[in-house]
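**Q** Sequence:
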Amino acid sequence: MGNYFIDRKNGRQQIALINAFVNLVNEKDFEKITIADLTKGAKVNRATFYAHFNDKYELLDYILGDSASAAIENRTEGEVKFDQDRIFQLVLALCDFYRQPNIQCRSSYVGLVVPQMKDKILNELKAFLSQSLEHSYTKDEKNIFVPIFAQAIHEGALQWAVGNTDMTKEEVARRVSLFVIGGFQSSDRTSS
1 MGNYFIDRKN GRQQIALINA FVNLVNEKDF EKITIADLTK GAKVNRATFY
51 AHFNDKYELL DYILGDSASA AIENRTEGEV KFDQDRIFQL VLALCDFYRQ
101 PNIQCRSSYV GLVVPQMKDK ILNELKAFLS QSLEHSYTKD EKNIFVPIFA
151 QAIHEGALQW AVGNTDMTKE EVARRVSLFV IGGFQSSDRT SS
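Mapping of the sequence shown onto our numbering: residues 1 to 192, in sequence order.
The hints are simulated quantities; they were obtained by calculation from the structure and are not laboratory data. Each hint should be verified, as a subset may be incorrect.
[As the list claims (entries may be wrong)] Subject to a maximum C-alpha distance of 30 Å in a straight line, what follows is the list of computed DSS-like cross-link-like pairs (lysine-lysine):
(1) Lys-118 to Lys-139
(2) Lys-28 to Lys-43
(3) Lys-126 to Lys-56
(4) Lys-81 to Lys-169
(5) Lys-81 to Lys-126
(6) Lys-56 to Lys-118
(7) Lys-43 to Lys-81
These numbers were taken from a predicted model, which means no experiment stands behind them.
Using the sequences and the accompanying hints, generate a full structural model.
**A** As structure tokens, this is what we get:
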């Protein structure tokens, strides 16, 4: 019984720290956020912060890792397949990930976070693709194609997220899924 209470308390403290971080990142540059700011916002002491995270970078890493897997899980509903619809959903998942409300904040934060976000989402994407291709490709083929597919899916979503296209995210997802599944010919402008 005692452990359950401690786990719930630790979970609440962790959520409070995450919420404090998200609130602070909208108010000030990431570099200027201190552990004192975080503990004050979460209403916990320094020892509590350090019981959960080594520093603010680890807290950020935790937030991004959790949201990367959640974005893919939400769009794919746990169904691991390699087909056009699943690729379409993966592109949308990455669009969701890059357009989260807590990511839409100060430019210093985005500059620091985008490389870290990319690592997190690519790792989640590669894990999904690798599992979905388990019975279709040999290990060597997966080692070649999974990173290529992941980069194509990622790049399509990222170009939409940063505003480099006027297409809707659904149109980007459709074209990228056609490209990944059918190759370049299928994704050309004349297809509709």
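**Q** Next step is simple, just say for each hint if it's right about the structure.
**A** Results for each hint:
no., hint, result
1, Lys-118 to Lys-139, "holds, 24 Å"
2, Lys-28 to Lys-43, "holds, 19 Å"
3, Lys-126 to Lys-56, "holds, 26 Å"
4, Lys-81 to Lys-169, "holds, 21 Å"
5, Lys-81 to Lys-126, "holds, 13 Å"
6, Lys-56 to Lys-118, "holds, 18 Å"
7, Lys-43 to Lys-81, "violated, 44 Å"
In summary, the structure is inconsistent with hint 7 from the numbered list given earlier, while agreeing with all the others.
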